[in-house]
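Number of protein chains: 2
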Amino acid sequence: MAEIVKVAVDAMGGDNAPSEIVKGAVEAVRESSHVKVFLVGGEAVVNAELAKYTYNKEQVEVVNATEIIETAEPPVMAIRKKKDSSLVKALMLVKEGTCDAYVSAGSTGATLVGGQVIVGRIKGVERPPLAPLIPTVTGCSLLIDCGANVDARPSHLVQFAKMGSVYMEHVMGIKNPRVAIVNIGAEEDKGNALVKETFPLLKNCPDINFVGNIEARDIPSGGADVIVCEAFVGNVILKMYEGVGAALIKKVKEGMMTSLRSKIGALLVKPALKSTLKAFDLEEYGGAPLLGLNGLVVKTHGSSKAVEIKNSILQCITFTEQNINKKIKEKITMEEN
Amino acid sequence: MAEIVKVAVDAMGGDNAPSEIVKGAVEAVRESSHVKVFLVGGEAVVNAELAKYTYNKEQVEVVNATEIIETAEPPVMAIRKKKDSSLVKALMLVKEGTCDAYVSAGSTGATLVGGQVIVGRIKGVERPPLAPLIPTVTGCSLLIDCGANVDARPSHLVQFAKMGSVYMEHVMGIKNPRVAIVNIGAEEDKGNALVKETFPLLKNCPDINFVGNIEARDIPSGGADVIVCEAFVGNVILKMYEGVGAALIKKVKEGMMTSLRSKIGALLVKPALKSTLKAFDLEEYGGAPLLGLNGLVVKTHGSSKAVEIKNSILQCITFTEQNINKKIKEKITMEEN
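One line per chain: the protein sequences are A and B, in this order.
In this text, residue positions in the first sequence follow the numbering used here: the first is 344, and each later residue adds one.
In this text, residue positions in the second sequence follow the numbering used here: the first is 344, and each later residue adds one.
Do not take every clue at face value.
Selected chain B positions facing chain A (in silico; Cβ < 8 angstroms) [stated by the list, open to error]: (1) V406; (2) D494; (3) R496; (4) P497; (5) A529; (6) E531; (7) N578; (8) V579; (9) E585; (10) A590.
Since the hints were derived computationally from the structure, they do not count as laboratory data.
No experiment lies behind these values; they were computed from the predicted model shown.
By construction, the Cβ of each residue, glycine as well, lies at the ideal position given by its N, Cα and C atoms.
Build out the structure end to end from the sequences listed, making use of the hints.
Right under this line is the structure:
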């Protein structure tokens, strides 16, 4: 049997901390015996939450932290000043090697900065990208980068393509994943300066399956497995998913409430509709890994409920068992030779 | 009564040319006596299409053009070589002053290039942006720029904000339209280099109603009236609308077909749903104007049917009657002082 994977969880991060975070941790250890969760946060409140559940006590440890980093705080300053915050202490557990992975629904900025400053980059990785899974009509794709590095350079995007390929192949089990770069047209000569410079580099990259440009329109239908873009564009894509999805579902609901006939119909379609749309809900896919660090750092939505925390923790098991970081290191180093 | 507005229509452009284009033109003149349409294209085929309809003959004139610019042709070369194409000849009608406006469902690239080279920019306008209306939960917003100028500079974005404000106020009738810049966070210090440089310029602009950053998530819910961004990001936003919309509607349909119960429900909700979703369909909003030119240039979807052509032609009437270009010129010149 594989070794136990140790996950540091920021119990105080996110809109629903600590209750939903603790609940998610309990659900994760109930679901898998391969994981041990270190809940980092105010000892008293975390223990009070834990007391509500029965679970294997050997799989959960509470690590006390007296401070909390708020979402609005400037990240660099927060990381530097709040040494006893749940976020910093959880990252320290990864840095020291006590834990393999870190999960937080807290400040994105502080997680991105802390991940780089405290946990540190894998040698050779220029910039660690934030890479969420996004739902498509046929399954899911990896959107890389999505918020970690604005104003990226072509060499960064090439590394994103490599790291994303490793992730999709070994965590998601997609053989020879199709890599595409986001562009405003399908033709090779389209795009802005960054994309035009990056395209030939990706084309000449021997160890990825580059399929060319992808227009944003073709992302939700599953046009590629690894969607490479710089962080500003990635962030816009991710948030358009949420925004258009929410607006359309609102319109569908309104449409169903316009007449007696449609109201009766709505009652009949509701259960089936709910389960289909669930497959298209971003939150079902757990957190986004910040790839290329000496350890796994996972950022989940600020509004995460227990199910997303649980999924994020379980995701750490595959990541660690599959030795993803060793594989990323090999692929990045291959490029350097 | 206002003068007749003259619109040059590229009868050979788009997937459904010439039949749907001619049909749309006929529908426009049937709906308004304020417009005269110049249908530019192969005389024989256009006349054959026209023969199918009854309409006021004085409102339609056919202008012969023997060549067609295909979508895949490199735009600059096509404009230069195909002097007798429907696209070039229609733009020439605007340049000469025979027509006030131009509508085409043909090559976007050739329309953007031809608009600038043939029709020419308003003095003071640095770059003419493509600015489609996009549906929101509460109405519609103007997305500016959306494909004309990649790698834009801050001064371009400020002009986009001004031109967009004029359009939304005087064509769409929105008093003091809210202008926002697309960013990856709501805070003032967020963003890439372009947005960080542009933000204070917009903030200090006295003649627009700048409301700050908008995250992509808040665009479909109607967070601002004028959505300012550079073309690459605008293109991604527009195409995510199409992509997420299509994917979700596919999922909704699938969901409704999963059981007998939901199939019956689907029959009952269908009519109500259809009419609500229509309000969220990009194609209902007619074409996108290329603002800042000496005349109005409107690009409609390549897949335009008659209704979109008709709406685009009718849109030209308001634009011309409202003297939008004079107002744009005044606003741009104001900036220069």
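ask   = Hint numbers the structure violates, sorted upward?
value = Hints 1, 3, 4, 5, 6 not satisfied by this model.
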